[in-house]
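**Q** Sequence:
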Amino acid sequence: MKKQWIVGTALLMLMTGNAWADGEPPTENILKDQFKKQYHGILKLDAITLKNLDAKGNQATWSAEGDVSSSDDLYTWVGQLADYELLEQTWTKDKPVKFSAMLTSKGTPASGWSVNFYSFQAAASDRGRVVDDIKTNNKYLIVNSEDFN
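Per this note's numbering, residue 697 is the first one in the sequence shown, and the count goes up by one each step.
Source of the hints: derived by calculation from the structure; they are not laboratory data. Every value quoted in this text rests on a predicted model; they were computed, and no experiment measured them. There's no promise every hint is true.
Subject to a maximum C-alpha distance of 20 Å in a straight line, what follows is the list of computed PhoX-like cross-link-like pairs (lysine-lysine) [to be verified]:
#	residue 1	residue 2
1	747	802
2	794	740
3	789	831
4	794	747
5	794	831
6	732	802
7	728	740
8	794	728
9	794	752
10	740	835
11	747	789
Derived CB-CB ranges, DEER-like [to be verified]:
#	residue 1	residue 2	range
12	755	778	47 to 57 Å
13	749	825	28 to 38 Å
14	768	842	15 to 25 Å
15	832	754	16 to 26 Å
Each residue gets a CB set at the ideal place from its N, CA and C atoms; glycine is no exception.
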């Protein structure tokens, strides 16, 4: 009888622990900081909505949707024309773009969080780089700009 009591108590604790596992997500500020670090400050998280998919202990998997923007205009090289480089503007600075992604979180509010975004998809191109001298150097032609003829 004593063994049954111990087994019953252990099962109750395990089931209760599993219910505690699907607790609260990381705060929006933590998500924004982790996103900025993971994407090297090029992209920034503007708004996010999380849906819990799985939780075990202090680890959880989430589905995420929201808005991201770039911290600068981003360009992709598309060709060369004599002395000119042809670029396409793929992201406009601070213009929100819809995204979806998956993320895993590990931690608790008391212990701190580590977050990893993956399977990132955005309405804009996933390519682009910052071109520092694009405003001052005449060798660049932006093929999708308003004044390109």
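**Q** Of all the hints given earlier, name the ones this structure violates by number, lowest first.
**A** Hints 5, 9, 10, 11 and 15 are the ones this structure does not satisfy, whereas the remaining hints hold.
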